[in-house]
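S.K.: Residue numbers (this note's numbering): 1 to 181.
Rather than coming from a laboratory, the hints here were simulated on the basis of the structure.
Just to be clear, a hint being listed does not mean it is correct.
[Stated by the list, open to error] Here are the simulated DSS-like pairs of lysine-lysine, each with C-alpha atoms no more than 25 Å apart in a straight line: (1) Lys180 to Lys147; (2) Lys73 to Lys84; (3) Lys147 to Lys122; (4) Lys122 to Lys180.
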Amino acid sequence: RWNPNVAETIECRAMRERFGLVEGKTVLFVGRTIHQKGISVLVDAMSDVQSRVPGAKLLIAGAPFHAVRREDKFLRKLKKRAAKLGDTIQFTGFVPHDETPFLYGASDLLVAPSLWDEPFGKVFTEAMASGIPVVSTRRGAIPEVVKDGETGVLVDRPQDTQTLADAMVPLLSDDDLRCKM
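The whole structure should be built from the sequences, with the hints applied where relevant.
M.R.: Here it is as structure tokens:
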């Protein structure tokens with residue numbers, strides 16, 4: 001939690017308490033909960049991350065449809081898979097845009113492992129503006145936004161859970177590295 005202007009606000013502390021993120025490192029996913037966003041790869045990678053960074057949590061903020069509070073078949077299956085890790089993974093559902101800065105501020109790392117060629121990705125700039133690094137994939141315009149080794153880590157194999165976990169663990173384990181990015 002490196003951006004003191006955002007991370008230590010009352011709202012960010014409230015978000016951490018609301019979702020039980022007081023202890024350990026927090027990985028954040030913000031976006032539509034659809035297959036193309038690579039969220040199932042991230043859920044699967046969290047088992048390995050959790051074994052290497054005890055106490056690490058994943059907070060999934062989003063819904064299948066913008067501003068709609070209902071689930072689809074993909075999200076129901078995803079939640080079932082996530083439940084195998086106990087309270088390691090939490091789903092917030094849709095979060096209004098004016099609350100997302102506090103989610104970033106309450107987190108240590110944004111992971112958005114897109115499987116498709118993202119045309120841009122506002123979540124990357126929002127995370128970086130909030131002072132947290134990004135782990136994502138070399139798809140579409142993402143490499144134009146996230147500078148590998150500077151503002152985050154980009155992986156080449158978007159569907160490889162091991163590669164994704166290997167990119168996340170050093171950032172979650174090394175406060176100085178995370179701060180530098």
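S.K.: Could you run down the list of hints and mark each one as holding or not?
M.R.: Here is how each hint holds up against the structure:
{"no.": "1", "hint": "Lys180 to Lys147", "verdict": "holds, 13 Å"}
{"no.": "2", "hint": "Lys73 to Lys84", "verdict": "holds, 18 Å"}
{"no.": "3", "hint": "Lys147 to Lys122", "verdict": "holds, 15 Å"}
{"no.": "4", "hint": "Lys122 to Lys180", "verdict": "holds, 21 Å"}
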